[in-house]
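Engineer: For reference, the chains in residue letters:
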Amino acid sequence: MKLSMWTYEGPPHVGAMRIAASMQGVHYVLHAPQGDTYADLLFTMIERRQSRPPVTYTTFQARDLAGSTADIFKKACRDAVARFTPEALLVGASCTAELLQDDPGGLARTLDVPVPVVPLELPSYQKKENWGAAETFYRLVRAFVGRNPRPDNIPANSCNILGPTSLGFRCRDDVTEIVKLLTEEGLDVRVVAPMGATPADLARIPEAAFNIVLYPEIADVTARWLKTAHGMPFISTIPIGVQATQNFVDEVRAIAGLPTREGRTRDRLTWYSRSIDSNYLTNKRVFIFGDATHAIAAARIASEELGFRVCGLGTYMREFARDVRDAAAKYGVEAVISDDHLEVEAAIVAARPELVLGTQMERHIAKRLRVPCAVISAPTHVQDFPARYSPQMGFEGANVIFDSWVHPLMMGLEEHLLQMFRDDFEFNDSASASHLHPQAPAVKTVEAAPAPVVAAAPTGVIATWTLEAERELQKVPFFVRGKARRNTELFAQGKGIHPITVETLYDAKAHFAR
Amino acid sequence: MSVAQPVACNEPTPIRQRGQHEVFCGLTSIIWLHRKVQDAFFLVVGSRTCAHLLQSAAGVMIFSEPRFATAIMEERDLAGMADMHDELDNVVARLLERRPDIRMLVLVGSCPSEVIKLDLSRAASRLNAVHAPRHRVIAYSGSGIETTFTQGEDNFLAALIADKASPRSAGEAAKLVVLGCLADVVEDQFSRLFAELGLSGVTFLPGRDAIKGLVVGPETRFILAQPYLGAAAAALEARGARRIDSIFPLGAEGTSAWLRAICMTFGVDMARLDAVVAQPRRRAAEAMAHYRPWLEGRRVFFFPDSQMEPSLARFLSREMGSELLEVGSPYLHREHVAGELALLPPGVTLSEGQDVDEQIDRCRTANPDLIVCGLGLANPFEAEGRVSKWSIEFSFTPIQGFEQAGDLAELFARPLMRNAILTGGADRREAVR
Chain A
1 MKLSMWTYEG
11 PPHVGAMRIA
21 ASMQGVHYVL
31 HAPQGDTYAD
41 LLFTMIERRQ
51 SRPPVTYTTF
61 QARDLAGSTA
71 DIFKKACRDA
81 VARFTPEALL
91 VGASCTAELL
101 QDDPGGLART
111 LDVPVPVVPL
121 ELPSYQKKEN
131 WGAAETFYRL
141 VRAFVGRNPR
151 PDNIPANSCN
161 ILGPTSLGFR
171 CRDDVTEIVK
181 LLTEEGLDVR
191 VVAPMGATPA
201 DLARIPEAAF
211 NIVLYPEIAD
221 VTARWLKTAH
231 GMPFISTIPI
241 GVQATQNFVD
251 EVRAIAGLPT
261 REGRTRDRLT
271 WYSRSIDSNY
281 LTNKRVFIFG
291 DATHAIAAAR
301 IASEELGFRV
311 CGLGTYMREF
321 ARDVRDAAAK
331 YGVEAVISDD
341 HLEVEAAIVA
351 ARPELVLGTQ
361 MERHIAKRLR
371 VPCAVISAPT
381 HVQDFPARYS
391 PQMGFEGANV
401 IFDSWVHPLM
411 MGLEEHLLQM
421 FRDDFEFNDS
431 ASASHLHPQA
441 PAVKTVEAAP
451 APVVAAAPTG
461 VIATWTLEAE
471 RELQKVPFFV
481 RGKARRNTEL
491 FAQGKGIHPI
501 TVETLYDAKA
511 HFAR
Chain B
1001 MSVAQPVACN
1011 EPTPIRQRGQ
1021 HEVFCGLTSI
1031 IWLHRKVQDA
1041 FFLVVGSRTC
1051 AHLLQSAAGV
1061 MIFSEPRFAT
1071 AIMEERDLAG
1081 MADMHDELDN
1091 VVARLLERRP
1101 DIRMLVLVGS
1111 CPSEVIKLDL
1121 SRAASRLNAV
1131 HAPRHRVIAY
1141 SGSGIETTFT
1151 QGEDNFLAAL
1161 IADKASPRSA
1171 GEAAKLVVLG
1181 CLADVVEDQF
1191 SRLFAELGLS
1201 GVTFLPGRDA
1211 IKGLVVGPET
1221 RFILAQPYLG
1231 AAAAALEARG
1241 ARRIDSIFPL
1251 GAEGTSAWLR
1261 AICMTFGVDM
1271 ARLDAVVAQP
1281 RRRAAEAMAH
1291 YRPWLEGRRV
1301 FFFPDSQMEP
1311 SLARFLSREM
1321 GSELLEVGSP
1331 YLHREHVAGE
1341 LALLPPGVTL
1351 SEGQDVDEQI
1361 DRCRTANPDL
1371 IVCGLGLANP
1381 FEAEGRVSKW
1391 SIEFSFTPIQ
1401 GFEQAGDLAE
1411 LFARPLMRNA
1421 ILTGGADRRE
1431 AVR
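For the protein sequence lines, the chains are A and B, in the order given. Each residue of the first sequence is one higher than the one before, counting from 1 in this note's numbering. Each residue of the second sequence is one higher than the one before, counting from 1001 in this note's numbering.
Don't read these hints as lab results, they were simulated from the structure. A few of these clues could be false.
Residues of chain B placed beyond 10 Å of chain A at every Cβ, according to the derived structure [as the list claims (entries may be wrong)]: (1) R1035; (2) R1048; (3) A1051; (4) M1084; (5) H1131; (6) T1148; (7) I1211; (8) R1221; (9) V1268; (10) R1272; (11) R1283; (12) H1290; (13) G1339; (14) V1348; (15) E1352; (16) A1383.
Rough simulated footprint, nothing fancy, chain B against chain A, three-plus residues with beta-carbon under 8 Å [what the hints assert, rightly or not]: (17) 10–22; (18) 47–61; (19) 185–195; (20) 215–222; (21) 280–291.
This structure is a prediction, so every number in the text was calculated from the model and none was measured. Beta carbons are placed, not taken as given, at the ideal position from N, Cα and C, and that holds for glycine.
Starting from the given sequences, assemble the full structure and let the hints guide the process.
Structural biologist: The following block contains the structure:
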């Protein structure tokens, strides 16, 4: 049993729903009690889809348990096929129905429905949402691709894009961006799956020369099977960030037999990041947490393209722990592999970042710690489906990333001005910000408030401050005072200094100078 | 306006269907219960789905540290490798260590814990032996195989009554118990009215304090503030309390009838009642009048959600002049909603339970001006060019009493006003008021 106040991933049948809802012509009959229909609103409310997800729930009740829940399931299957006339039927059970052991796959086979049935075995008490999505995609592809030989004379520049799903982080815009990029490079994109694909499209996957795995969490298993069963090579460089996009283009061109070209960057990130205004980004400490794909990519961009220092990196997906550990090693940090948000919070507190890149949960943690934050990964929130075009992938994605990561930080010139004019009467902690209403109360404290939850955080004995040192600390500009306090206390703690004097304050300043 | 008398009409036979229910399960009522009962913590003993449901339905992310959590059962629990009760004890110990401010810990049963017959009442008494009196532990089931949306509150209150009204409670028995979760602001308004009416010894259940004792005796009368409280009402009746029958305090008519029923029971002079409610009733009428033009003659279709639908429909029909096409409810408690059903216009279609696809077909055929439905259906209806109101707001927004009558009308009117603004088809001054 595991205590959970907040989870990064739903159950595996929600992953299966994401695949069904991504595709056309697939209907999912889910053996589930009333209440599990909540999952519909992930699609209709969070993603603001215009239609209900293609899922029928059996909605069995306690009084049905004495009778035959299997009959309810069979009726639901027949009714769903009659009403929705899908090209393929997915059948499975949610966590409660799994305990009933009705065997949806076996039952569906006895039904003689006029469409192919793909049964799902998703162990709810072991696995989670992304695993469920990957498994469902794999089962569907296996069912429709089969083992027929691939055609001869496949054009070398033909490819498929695998992995984008409903409820994925900015998948909709990523696909548009990458298809455009590939088309401009002379590639012929055949099938994009699961997003937008029909079962018939899945059957056409082997008719392309190679696959592109955009989201390994969803498509890695499938791409590996296609490689083994059909000898289809795949590319797994993720085009997030300028350099990765350039590498991606090079690899795709190489595998398609196209000549390499001089890199033509069409991004603004590279110049913006070089511009003088970005000087203040130098070595900003950044803590990164999310799904494996976005977290690893974020760490690389942060470190190599924006000049930040990665002070923490992690993922909630144990399936990709090794990849994230390898990436973390490059930045000299130990990866946080955990789906317990309290542990992640403790890691953030300990890392003392100046910017957090994370999921919606880390956004809340950062807000409590008064550290700026940008969201880079699912689980998604209604905010992660913006009306505007905002991909994460490709060159335009890099531009979007520059804006969305840099804006939460105090802006460049603004920070320089605050440093230069810090004795000015307007730049102090009691002056209200210019964009606020005149009656708005002034911000009283900009220091990092002590985290309300410190039980899980490593706490030591905090040295007390002499009155004089405390007064000197007040001379430090308010926007860095919190950091100065934390650094000094950390320094004092490490050296066993007690109490903290003015000397200690300046010793610590020298120690942490960069 | 005179206080309503039930009008004789043939009680319609509801459509009863069994199919997919597009209704939340009882676990979801934790979301308002934990805001109301501030010293309680709700621990769902369930699956990852339960945890995901709560965070999706609640937007838990707005409270990074909510006063509810899930003890997620895992493979090893089911495989018998771990004694589930030991595991639960450990989770509870960890939780109480982290949150020593919890005064009442509520174990909430879910579908999987019910199916494997995990006995949470036994667990609660065992945990009480360890943690009482510092932390009190009770249990109830909010599982989706047994409860819909609001019925979780019913089971919670029944468990609370069983616990609080136990012999350890001392003191004078409550004269009046107002049963059913009301927003604090509504509770305070009713408290002031009761004081002006000279009624003392009134207890709201649930109150803000879960631990405070409740004494119920044969002289105790109770009135329902919510229509979904069959089990909680039975629990009070089993302790000798008697129910005051009334329609529910929605709209000026409902609130007047509700207060009148209380006053008649306690022998409060009707002239005094009229004097006390004159001002609030006038304000309610004034506030409602703003929205009547938006709702008069509009054809409304209710999908089942909270069991409040008959009362909401009665309000719309009698005070706003709307036409009712279908009134769906997950369950109709014949006795408790008899007064409401009697006030519905003749010929209205009632439905109990749900087969959502069939109901959507009926709704499309009826082509209503306003559809009241759950979160899963609202956007797809909007995409079809229909106007919808998501019903969850009736559970989360203070709508009871005179001072909220205008707000209640506004909840129904807002989608129609918005549609008018966006389609440019109405008087803008009306629309933007």
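Engineer: Are the hints correct? Go through all of them and say.
Structural biologist: Cross-check of the supplied hints:
1. R1035: holds, 16 Å
2. R1048: violated, 4 Å
3. A1051: violated, 5 Å
4. M1084: violated, 7 Å
5. H1131: holds, 16 Å
6. T1148: The assertion about T1148(B) is violated, with a minimum of 7 Å to chain A.
7. I1211: holds, 23 Å
8. R1221: Non-interface label on R1221(B) holds, nearest chain A Cβ at 32 Å vs cutoff 10 Å.
9. V1268: holds, 43 Å
10. R1272: holds, 44 Å
11. R1283: The assertion about R1283(B) holds, with a minimum of 29 Å to chain A.
12. H1290: Given a closest Cβ separation of 28 Å, the condition holds.
13. G1339: holds, 28 Å
14. V1348: holds, 25 Å
15. E1352: Nearest chain A Cβ is 13 Å from E1352(B), so the label holds.
16. A1383: Given a closest Cβ separation of 3 Å, the condition is violated.
17. 10–22: It holds, with 4 qualifying residues against the three required.
18. 47–61: Answer holds; 11 residues pass the 8 Å Cβ test.
19. 185–195: Since three or more residues must qualify, the claim that chain B covers the segment 185–195 of chain A is violated, with 0 doing so at under 8 Å.
20. 215–222: Violated: only 0 residues of the segment 215–222 of chain A have a Cβ under 8 Å from chain B.
21. 280–291: The restraint on the segment 280–291 of chain A is violated, since only 0 of its residues have a Cβ under 8 Å from chain B and three are required.
Of the numbered hints given earlier, the model fails hints 2, 3, 4, 6, 16, 19, 20, 21; all others are met.
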